[in-house]
Each structure stands twice: as C-alpha cells, then as structure tokens.
Amino acid sequence: MSTRSGPSPARTGLLLLPPLLWLGVAYLGALGALFLAAFWTTNEFTGDLVKVFTLDNFRSLLDQPVYRTITARTLGVAVLVTLVDAALALPVAFFMAKVARPGLQRLLVIAVLMPLWASYLVKAYAWRGMLSKSGPLEWLGISPGYGLTGLVITLAYLWLPYMILPVYAGLQKLPGSLLEASADLGAPALTTFRRVVLPSVFPALVAGSIFTFSLTMGDYIAVKIVGGPTQMLGNVVADNYGVANNLPFAAAYSVVPVLVMLGYLGVVRRTGALENL
Amino acid sequence: MNHNWKLVAATAAVLLTAVACGSSSGGDKTAGGSGFKAPDVPMAKKLGTKEGSVSILAWPGYAEDGTNDPKTDWVTPFEQATGCQATVKYFDTSDAAVTLIKTGDYDVVSASGDATLRLIAGGDVAPVNTDLLTHYADIRSFLKDKPYNSVDGQMYGMPQGWGANLLTYNPDVVKPAPTSWSSVFDANSPYKGKITPYDSPIYIADAALYLMNTNPDLGIKNPYALDKHQLDMAVNVLKTQRGEVSEYWSDYLKQQQAFESGDSVIGTSWQFIVNLIDADKKPIKAILPDEGSTGWSDTWMISSKSKHPNCAYAWLDYIGGPDGNAASAYYFGEAPANTKACDVIATTDNDASFCDTFHAGDEAYAKKLWYWTTPVSACLDGRTNVKCTTYADWTQAWTAIKG
Numbered sequence: 005m006s007t008r009s010g011p012s013p014a015r016t017g018l019l020l021l022p023p024l025l026w027l028g029v030a031y032l033g034a035l036g037a038l039f040l041a042a043f044w045t046t047n048e049f050t051g052d053l054v055k056v057f058t059l060d061n062f063r064s065l066l067d068q069p070v071y072r073t074i075t076a077r078t079l080g081v082a083v084l085v086t087l088v089d090a091a092l093a094l095p096v097a098f099f100m101a102k103v104a105r106p107g108l109q110r111l112l113v114i115a116v117l118m119p120l121w122a123s124y125l126v127k128a129y130a131w132r133g134m135l136s137k138s139g140p141l142e143w144l145g146i147s148p149g150y151g152l153t154g155l156v157i158t159l160a161y162l163w164l165p166y167m168i169l170p171v172y173a174g175l176q177k178l179p180g181s182l183l184e185a186s187a188d189l190g191a192p193a194l195t196t197f198r199r200v201v202l203p204s205v206f207p208a209l210v211a212g213s214i215f216t217f218s219l220t221m222g223d224y225i226a227v228k229i230v231g232g233p234t235q236m237l238g239n240v241v242a243d244n245y246g247v248a249n250n251l252p253f254a255a256a257y258s259v260v261p262v263l264v265m266l267g268y269l270g271v272v273r274r275t276g277a278l279e280n281l
Numbered sequence: 013m014n015h016n017w018k019l020v021a022a023t024a025a026v027l028l029t030a031v032a033c034g035s036s037s038g039g040d041k042t043a044g045g046s047g048f049k050a051p052d053v054p055m056a057k058k059l060g061t062k063e064g065s066v067s068i069l070a071w072p073g074y075a076e077d078g079t080n081d082p083k084t085d086w087v088t089p090f091e092q093a094t095g096c097q098a099t100v101k102y103f104d105t106s107d108a109a110v111t112l113i114k115t116g117d118y119d120v121v122s123a124s125g126d127a128t129l130r131l132i133a134g135g136d137v138a139p140v141n142t143d144l145l146t147h148y149a150d151i152r153s154f155l156k157d158k159p160y161n162s163v164d165g166q167m168y169g170m171p172q173g174w175g176a177n178l179l180t181y182n183p184d185v186v187k188p189a190p191t192s193w194s195s196v197f198d199a200n201s202p203y204k205g206k207i208t209p210y211d212s213p214i215y216i217a218d219a220a221l222y223l224m225n226t227n228p229d230l231g232i233k234n235p236y237a238l239d240k241h242q243l244d245m246a247v248n249v250l251k252t253q254r255g256e257v258s259e260y261w262s263d264y265l266k267q268q269q270a271f272e273s274g275d276s277v278i279g280t281s282w283q284f285i286v287n288l289i290d291a292d293k294k295p296i297k298a299i300l301p302d303e304g305s306t307g308w309s310d311t312w313m314i315s316s317k318s319k320h321p322n323c324a325y326a327w328l329d330y331i332g333g334p335d336g337n338a339a340s341a342y343y344f345g346e347a348p349a350n351t352k353a354c355d356v357i358a359t360t361d362n363d364a365s366f367c368d369t370f371h372a373g374d375e376a377y378a379k380k381l382w383y384w385t386t387p388v389s390a391c392l393d394g395r396t397n398v399k400c401t402t403y404a405d406w407t408q409a410w411t412a413i414k415g
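Protein chains in written order, with this note's numbering: chain W, 5 to 281; chain B, 13 to 415.
Rather than coming from a laboratory, the hints here were simulated on the basis of the structure.
Among the hints, erroneous ones may be present.
No farther apart than 27 angstroms at their CA atoms in a straight line, the calculated lysine-lysine pairs in the DSS-like style are these [claimed, not checked]:
id, chain 1, residue 1, chain 2, residue 2
1, B, 294, W, 127
2, B, 158, B, 204
3, B, 240, B, 101
4, B, 379, W, 137
5, B, 240, B, 187
6, B, 240, B, 57
7, B, 251, W, 137
8, B, 414, W, 137
9, B, 233, W, 137
10, B, 158, B, 297
11, B, 414, B, 266
12, B, 294, B, 319
13, B, 317, W, 137
14, B, 266, W, 127
15, B, 297, W, 127
16, W, 55, B, 317
17, W, 137, B, 204
18, W, 127, B, 156
19, B, 187, B, 317
20, B, 294, W, 137
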C-alpha cells in the first residue's frame, strides 16, 4: 500500500534498477573483467588467451625501465597540459565573467564552446597541418615539428574548453563587491588576484584539471597524429591490444592510469575542493 | 618451448569444438621448419551455393573497390560475376591482421609470412582445397607449398604476389641519391628528424639485414633468426635511429602525406604508396639497394570461422586468377603470383615491362629478398646450439626502441 507521502520503496527500487544495473554490470563489471584479464597471458606465437593466473604482466611493468619512462612522460605531459590550460583559462574566464558586457559574454561562451562542435579528429589533423614542415607555423619560423612540444600544444588546445567553462562558472559566483572591497582596502591587483580570486576559483580550477589531466592521461590518437615518434601510456595500451593482440598486458598497463587518477582524486578530496564545487 | 606447442594445440582444440582431436592425435600435421602442430581444421571438399557476401581483410591496395579512385576497381567486377557482395577492411600491420581475423568477422585475409604460421597454428585459418581453385594451376611453382603457406604439403591459401620494402626518398631533398640502407641507419644522417621507418616489430629485421652486411662478425645469416646478442645489436642500431626519426608509420595515408609535405624525406615504403605520391605530382623515388631488402610474399587465406566459405573460395579464385591478380599486383606494385597476370598487365595496362621490373618470373631474384617471417625460438637459419629470440621478444624490444 502506498501512502500519499511518497512512492513505495519497492517502486523506487524498480525505478533505480536500470541505472544501477548499468553501473554495476556494464560499467563496473567491464572494469572488473579488464582487471581480471591483467592476470592472464597470451600464447606468444598464436596470440590466443591463456587463462592461467600469473603476475608476469605486472612484473614486466616494474622490471622494464621503458614502461617507467613512458608512465613518467605521460604524467609529465598531463601536468604540463593542465598547467598550460589553467594559465590560459584564468585570464580568459576572468574577462568573460567580470569584464565583458552581457552581449559579449554570450558571444565569448559560444566562441569557447564552438571547437567542441568539431570532431576531435578534425582538430588533431588541423594541428598536424599547423605543425607540418610546410605548415603556417613553419612559415612563421616557430614550428616545433611533430613531437612532445607539438603534442602538448595540441592537447592543450583540445582540452582548453573543459578548463575555461568550470573556471568561468566559478568566477561568476564570485561577487564583484569582493573585488571592490579588496581594492578599497588598498590591495593592488596582484594581491586581489592572489588572496581573493584564486582561493574562490580554486575548486573550479581543480574541477577543470580533472578533465584536462585525465583526458591527457588516456589520449593516444593525437599522439599518433602530431606526436612523431613519441609513445604515451595510451599508445602502449592500444598497441598491445590492437597490434600485438596482448590484451592481458594492455589490461595490466591500464591499471596504472586508474591508480594515478584514484590517487589524484584522493589528493583533490583532501583539499576539500570537491565539496566547494 | 615444447610446452608452448602443447598450449597451442590445447587452445586450438578448445576453440574448435566441432573438431574432435586430441593435442597429440595422429590427425595433426607438423610443419617441417618450425616444428609446430597444425590443428586439424576441416577443409572444404566441394563448393556449394554462394552465400551472397564476403568480408575481405586485406593489405591496403589489395582490394580496391573504386573508393580511392573510381578508375581503380576490381572488386565490383568480382561482385558482378559471382553475386558475392564484398566488404573490404584494410589493415596496417601483420599483427593487426592476426588480431582482426581472430574476431571471426572476416572470411578471407591477405596474410604475409610473418602472420601465416601464427594463423595456421592458432587454428584461425582453414586448409585450402586447391582442386577447387580453377586458377591455382597458373600460380608460379616457386610460390606453392612454401614453409610459410603450407604445412606438410597441405596448402593454406592462394598466393597473391611478392615484393620488396623499398628505400624511398624525396629526390629534391636527398642528394646525392642514396644507394644503401645505411642512409636510414647512419648515426649522423644529414636528414636527421626526417627519417620514417615502418612501425612494426618486424622492422627489426631491416636493422638485422643492415648488420648482416656491415658487421659480418656478428654472424647473422638470416635477419629473422637472431640470438639474444644479435637482437641486442639490432636494437642498438634502431635506438640510434630513433633520434633521427620524424615518425614511425603504419598508416599508409599518413606516410603519403608526410612525404608530400616534406616532414619525412627518406625511409621505408611500398611501391603502392610511391605510386600514390607520384600521382599527386610530388617528388618521390624508390630503389631496391644492392644489398637486398626485406620483403613480403602474401597468401590469401580463408578464416576457419568463415560464414561465407563458398564466396571466400570465389574470391581466392578471382584474386589469384589472371585478371584479379593482374589488377591488384599492378596497383600495389609487386610481382604477381599468376603467370598469366603479366600478359594481362601488358595488354590492359599497356605496361609490357612491369613484370620484368618486378622480376616476376625470376626465382633467383625472389630468393634474394628476405620475406617477412615470424621469428621463433627454433632458429630459422638452422642453428641448433643456440635459442633464437621470438616474436614476443621482438615486440617488447620494439616498445623499448621507441622508448
């Protein structure tokens, strides 16, 4: 019997069943299966799966210096892309939220969102053209060519909207009166930025960094297009799965970014930034 | 190693539930060279009604249906003649081919020698009844019953053709013209940052071939039979090269674009890609250096999970027949397997010298190329006092080389 105070627990349960099933079976189940596969191996000649428990995959991850190098490189690129995006997003978002008149504000939001309407591949190939020896950057004499630098530029471009939008939203919540009060109390612009703007926008920066950091950690397509001979974590996973047909090793290596992201989210949680979003 | 072959047979037995065969039953066949047991996959005895479709897994340029160039189309005539609607999927590397055929979504595959034995041992391809292929008799005899496409005299496919990986360069930039592979392995290359090697572990054989000519003391007799020390030396050559690389290529369109834009000026390529660049009127030249080269000899194979075996046989007969073989070999730029294909190319493509250029009938020349072969621990050069490195070792080394 249902009362007027709300739906019965049974009905709520029934309503929640599909999303819970999706989360439990499709999402966590797939992750679990992937993790399980990391303890298998493949026959080295035919490439068939050998479902015998082994720690070999994790052992070679630790033993072989090349995987440490690639992990470190990937982390470095992710941090760099995040810093570049933060440095670009702060002034842009500040101008959008605090300086621009409402009409211009809307226009700028559209301008920031616009690149998201174009396909990821189109943008990556556009940068392949930009960075090419016969491209516009080379014509200006400043092309870094294909490689790490080109990769950081391309990824920073690709993920910039994901940083600008949360920072813009965070700055909109910041009352203009606080900035005026800071100025009235005699603080120079830099001090206002450091002691008023930055603390209040920090949770938004962290939210944006989760996007830029995790998207860079997993990227392997842009690396193939503009990275030259550079290998990132995602490439090793993709090559092991798609080329070498070594799903177990790919699964074992995929555990690394999962751990990194869990660690990152743990640190973020401790700063309290997630509660302030 | 013995242990592994048992695993191969055991896994294959699980895969092929329809086949009742123990891992040590007499029904298995043993390949002479590498000594593995081929799982007992049933072979077609006679052809039935065509299923109306066929799914083709091919090297780029082997099954053109007019999408790249409306004038280049030999798939449509096949469809019209047989009623088998063809879907074509191109792959970049032999490893990708092995991975894709295992999905069971494809009926036929054009497999190079570094994939064929892996496919046979894995039970992924079926033996081919050559009596059912009307054009098999016209295939050059030195491509039949080879260690890479047969086991114990049982053919596993229809030969397509063979050719060499070519030293390719931009003649406007690379002067004087290169004559040897050393120009891509030179530690002080003037083309630093513009060298483009092939992105696959099998490319290690190219470095081994280079060492075979420049460092005879190492004792490399076959670039696919490397012991631990020899592999380390080849890896060193490639690590040096790594600093000079613009990008490793496996996507032929990206290599074409990199040569055309000048981002790459010298490297390994295929005649097919050279022709595409040539068609765009960009400077490109390709040579086969005197010291020889690695190369491929491809065989069309039928998936053991094929849902359209009759259309698959029809495709094999067509692509190995004079017209299909001529069109694909001419477009790709390789020696056709069918003896009658040369006449077709001479008349329809008006290119009488094509087969001479590619030494199509020249068995002695064909023997000079080092065809892609899967490295196995039983040394392919016949050494028994040492264990050779396997393809798994090469795959790991390749990741380490790229760093």
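Outcome of the hint check:
Distance restraint check for residue 294 (chain B) and residue 127 (chain W): the Cα-Cα separation of roughly 26 angstroms lies within the 27 angstroms cut-off, and the hinted pair is therefore satisfied. With a CA separation close to 40 angstroms, the supplied pair residue 158 (chain B) and residue 204 (chain B) exceeds the 27 angstroms bound. Pair hint residue 240 (chain B) plus residue 101 (chain B) does not hold up; C-alpha atoms about 36 angstroms apart against a cutoff of 27 angstroms. A hinted pair counts as satisfied when its Cα atoms are at most 27 angstroms apart, and residue 379 (chain B) with residue 137 (chain W) does not qualify at roughly 40 angstroms.
Proposed proximity of residue 240 (chain B) and residue 187 (chain B) is contradicted: the alpha carbons are some 37 angstroms apart, above 27 angstroms. With a C-alpha separation of about 45 angstroms, the suggested pairing of residue 240 (chain B) with residue 57 (chain B) is violated against the 27 angstroms cut-off. With a C-alpha separation of about 24 angstroms, the suggested pair residue 251 (chain B) and residue 137 (chain W) falls inside the 27 angstroms cut-off, and the hint holds. Distance check on the hinted pair: residue 414 (chain B) and residue 137 (chain W) sit about 22 angstroms apart at the alpha-carbon level, within 27 angstroms; holds.
Between residue 233 (chain B) and residue 137 (chain W) the alpha-carbon distance is near 40 angstroms, which puts this suggested pair outside the 27 angstroms criterion. At most 27 angstroms may separate the alpha-carbon atoms for a hinted pair to count; residue 158 (chain B) and residue 297 (chain B) exceed this at roughly 32 angstroms. For the proposed pair residue 414 (chain B) and residue 266 (chain B), the alpha carbon gap of about 18 angstroms is at most 27 angstroms, so the pair holds. About 43 angstroms separates the Cα atoms of residue 294 (chain B) and residue 319 (chain B), which puts this hinted pair outside 27 angstroms; it is violated.
Between residue 317 (chain B) and residue 137 (chain W) the alpha-carbon distance is near 46 angstroms, which puts this suggested pair outside the 27 angstroms criterion. Between residue 266 (chain B) and residue 127 (chain W) the alpha-carbon distance is near 16 angstroms, which keeps this suggested pair within the 27 angstroms criterion. Taking the CA atoms of residue 297 (chain B) and residue 127 (chain W), the gap is near 32 angstroms; set against the 27 angstroms cutoff, the hint is violated. Proximity of residue 55 (chain W) to residue 317 (chain B) is assessed by CA-CA distance (about 22 angstroms); at most 27 angstroms being required, the pair is judged to hold.
For the hint pairing residue 137 (chain W) with residue 204 (chain B), the CA-to-CA distance comes to about 14 angstroms; that is within 27 angstroms, so the pair holds. For the hint linking residue 127 (chain W) to residue 156 (chain B), the alpha-carbon distance of about 48 angstroms lies beyond 27 angstroms, and the restraint is violated. A hinted pair counts as satisfied when its Cα atoms are at most 27 angstroms apart, and residue 187 (chain B) with residue 317 (chain B) does not qualify at roughly 51 angstroms. Proximity of residue 294 (chain B) to residue 137 (chain W) is assessed by CA-CA distance (about 15 angstroms); at most 27 angstroms being required, the pair is judged to hold.
Comparing the model with each numbered hint stated earlier shows that hints 2, 3, 4, 5, 6, 9, 10, 12, 13, 15, 18, 19 do not hold.
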